[in-house]
Amino acid sequence: MEKNLEIIAEGEGELLGWRDPDENRAWIRDNKSRGLIDKCISVQEAVKRFVKDGDYLAVGGFGHIRIPMAIIYEIIRQGRRNLVVAGKTAVHDIDVLIGAGCVSKVECAYAFGHELRGLSPAGRRAVETGRVKVVAEISNAAFQWRFLAGMMGIPFIPVRNLLGTDTFAKSSAKLVRDPWSNKLVALVPAAYPDVALFHVPRCDKYGNAQIDGILVEDFELARASRRVIISSEEIIDEEEIRRDPQKTVIPFYVVDAVCEVPCGAHPTLMPYLYYFDEEHIHEWLTLSKTVEGTEEYLDKYVHGVVDFHEYLERLGGLRKMTKLKQIEQLRPSMLDSDS
Amino acid sequence: MSISDSTQSEYVLSELLCCVASRLLEDNRAVFVGTGLPIVAATLAQRTHAPHILIIFEAGGVGPQVPVLPISVGDSRTFYKAVAATSMHDVMSASQAGYIDYGFLGAAAIDAYGNINTTVIGDWKQPKVRLPGSGGANDVGSFCWRTVYIMRNQSTRTFMSELDFITTPGWLKGPGHREKAGLPAGCGPYRVITQLGVYGFEETTKLLQLHSLHPGVTVEEVQANSQFKILIPDKVTVTQPPTEVERQILREIDPEGMVIGK
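Residue numbers (the working numbering), protein chains in the order written: chain E, 390 to 728; chain G, 40 to 301.
Chain E extracted, bound-state conformation (with noise of 0.2 angstroms):
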């Protein structure tokens, strides 16, 4: 008789993302070029391709900061439909993916609120009606964890939080003891993504990519995702990639599309290059109040538009994006009463 490692307790949470070890790797030998291929697509064409109804899809940055907001926005035009979405540390990102009902379930690290500004009224009335589903609970360092097992191809890693609390009892983690020290320590789960999706300052054609400022947990969930697609505010010759290797943060070969799109995060903050666009997000706050209100924003921002330059061009455009330039690198004109 086989002996395993005893089972204490288990989360209750629904198990998402988890694939077998030996599964994953026979499909990234089998799916993942290792060939330098141009990969320039365009948004509609990367989102076409690469993300599908029912898709686990995690994004990366920071919640409203670094999010590829020109996918998202071009994710809802496509109408798709019961995502289920990683709530790592989602922000901005996922309470207009819920208010446009692309999303079916959450796994919820942290999701529904806006940090400072308070409560996302879409993504919260779309759990408390119950059209949204929280089906795991998590903390940020254990969902970080369980992409970082991902990207190391194994089934599982031990982490010392979660223990003891309600946020254990709803994740997938199992409750063991360390064979080394006999202390209990949680499991959780390896994460294996469906879809990932990154917005960075620079790329080349092939998708190395560099990153400015914190990575957040883009390093590991590159690796950790099945499909990639990254929008970069500029296509870099791959020269420059090859003249600082130590700066690439995400290599090629995990990469699926490449998208050149300025101002791709808007109206989310890009480090060193734009600010929030608060007014904006006010107006989304505001506005998703209602259903109604929810339904005014999407048309006027995702659906009354051919693409995201028609959107920046409705939000104000350069003279717009100069502005939150201006406030993200903390010039003196910051403080002008124009608005």
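No lab work stands behind these hints: they were computed from the structure.
Hints are supplied without guarantee of correctness; some may be wrong.
Said to hold, decoys possible - Far from chain G, by Cβ distances over 12 angstroms, these chain E residues were calculated: (1) E401; (2) D409; (3) R423; (4) D427; (5) C429; (6) E622; (7) R631; (8) T675; (9) L676; (10) L701; (11) L707.
As the list claims (entries may be wrong) - Below 16 angstroms or equal to it, Euclidean Cα-Cα: the simulated EDC-like pairs (lysine to aspartate or glutamate) are: (12) K572(E) x E395(E); (13) K709(E) x E649(E); (14) K494(E) x D567(E); (15) K494(E) x E412(E); (16) K689(E) x E672(E); (17) K219(G) x D567(E); (18) K164(G) x E403(E); (19) K164(G) x D567(E); (20) K709(E) x E672(E); (21) K594(E) x E623(E); (22) K712(E) x E702(E); (23) K421(E) x D583(E); (24) K678(E) x E517(E); (25) K167(G) x E517(E); (26) K120(G) x D567(E); (27) K709(E) x D688(E); (28) K120(G) x D583(E); (29) K164(G) x E717(E); (30) K437(E) x D583(E); (31) K522(E) x D162(G); (32) K572(E) x E218(G); (33) K563(E) x E399(E).
Here the structure is a predicted model, which means the values were calculated and not measured.
Where is the CB? At the ideal position from N, CA and C, for every residue including glycine.
We have chain E already, so just place chain G on it with the hints.
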């Protein structure tokens, strides 16, 4: 709400909470901060008695010289002139490995052992109110040597005998329970700061205990605003109000009054 006495000019509640929290931080220590009042308090400490306080943000900002209030724990103010802009894996590992002295958090609801709820009010499957969830709070509460909670709304709806959901571990069910659950030894909640006073946790029982009353607040008010019995020791001090220097610095940190000024 504005509080004044004859020797001090008027200050508002958020100023008091920030000053009290700030004074808890020792120089040359590390503090993990959450959104809002915690960030302001840590920045105030950095600009006053703890210039070498190491401020760490869960999204990866390490040791910034915070220029102005970050409105997110991930925005670029959190790594302005930082020693490192790194990853969540890095900073959370550092916490788990024992590097972080203090964790500053907000809390929606707390019980007598300092356990916290930020997940749901009501039943988890069909909540009356869905809150944002743990975020980094469970991690901070699990790993930091001393966790400090800052709450502006102590009442019978927030100081609860039984939480609907334990998001973040305090002392769990009392002495020894954290270790029994497998949490790292020797760490846990240290102080709770509300609009009424400053609390600690009694050594042997790990139950919430009053340390100091804010100016003008009575013990009766403290007890009336809690579902559970708060331990009241023989000696209770009065909280030192904010100084003019502290108030000036707070205005520099938060010129738009997003956090301070209410």
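Status of the hints after comparison with the structure:
1. E401: Answer for E401(E): violated, closest chain G Cβ roughly 9 angstroms.
2. D409: 24 angstroms, holds
3. R423: 25 angstroms, holds
4. D427: The claim stands: D427(E) keeps its Cβ more than 12 angstroms from every Cβ of chain G (closest is about 29 angstroms).
5. C429: 27 angstroms, holds
6. E622: Given that every Cβ of chain G is farther than 12 angstroms from that of E622(E), nearest at about 15 angstroms, it holds.
7. R631: 23 angstroms, holds
8. T675: Answer for T675(E): holds, closest chain G Cβ roughly 17 angstroms.
9. L676: 20 angstroms, holds
10. L701: 21 angstroms, holds
11. L707: Given that every Cβ of chain G is farther than 12 angstroms from that of L707(E), nearest at about 21 angstroms, it holds.
12. K572(E) x E395(E): 13 angstroms, holds
13. K709(E) x E649(E): Measuring from Cα to Cα gives roughly 20 angstroms; hence the hint is violated.
14. K494(E) x D567(E): 32 angstroms, violated
15. K494(E) x E412(E): 24 angstroms, violated
16. K689(E) x E672(E): 11 angstroms, holds
17. K219(G) x D567(E): Roughly 13 angstroms between the alpha carbons, so the hint for K219(G) and D567(E) holds.
18. K164(G) x E403(E): With Cα atoms ~12 angstroms apart, K164(G) and E403(E) stay inside 16 angstroms; holds.
19. K164(G) x D567(E): 31 angstroms, violated
20. K709(E) x E672(E): 15 angstroms, holds
21. K594(E) x E623(E): Status holds; Cα separation ~10 angstroms.
22. K712(E) x E702(E): 14 angstroms, holds
23. K421(E) x D583(E): Given that 16 angstroms is the threshold and the Cα spacing comes to 13 angstroms, the pair holds.
24. K678(E) x E517(E): 13 angstroms, holds
25. K167(G) x E517(E): 6 angstroms, holds
26. K120(G) x D567(E): 40 angstroms, violated
27. K709(E) x D688(E): 21 angstroms, violated
28. K120(G) x D583(E): 36 angstroms, violated
29. K164(G) x E717(E): 40 angstroms, violated
30. K437(E) x D583(E): 14 angstroms, holds
31. K522(E) x D162(G): Judged against 16 angstroms, a Cα distance of about 13 angstroms means the pair holds.
32. K572(E) x E218(G): 9 angstroms, holds
33. K563(E) x E399(E): Distance of about 4 angstroms is within 16 angstroms: holds.
The structure fails hints 1, 13, 14, 15, 19, 26, 27, 28 and 29 (numbered hints given earlier, in ascending order).
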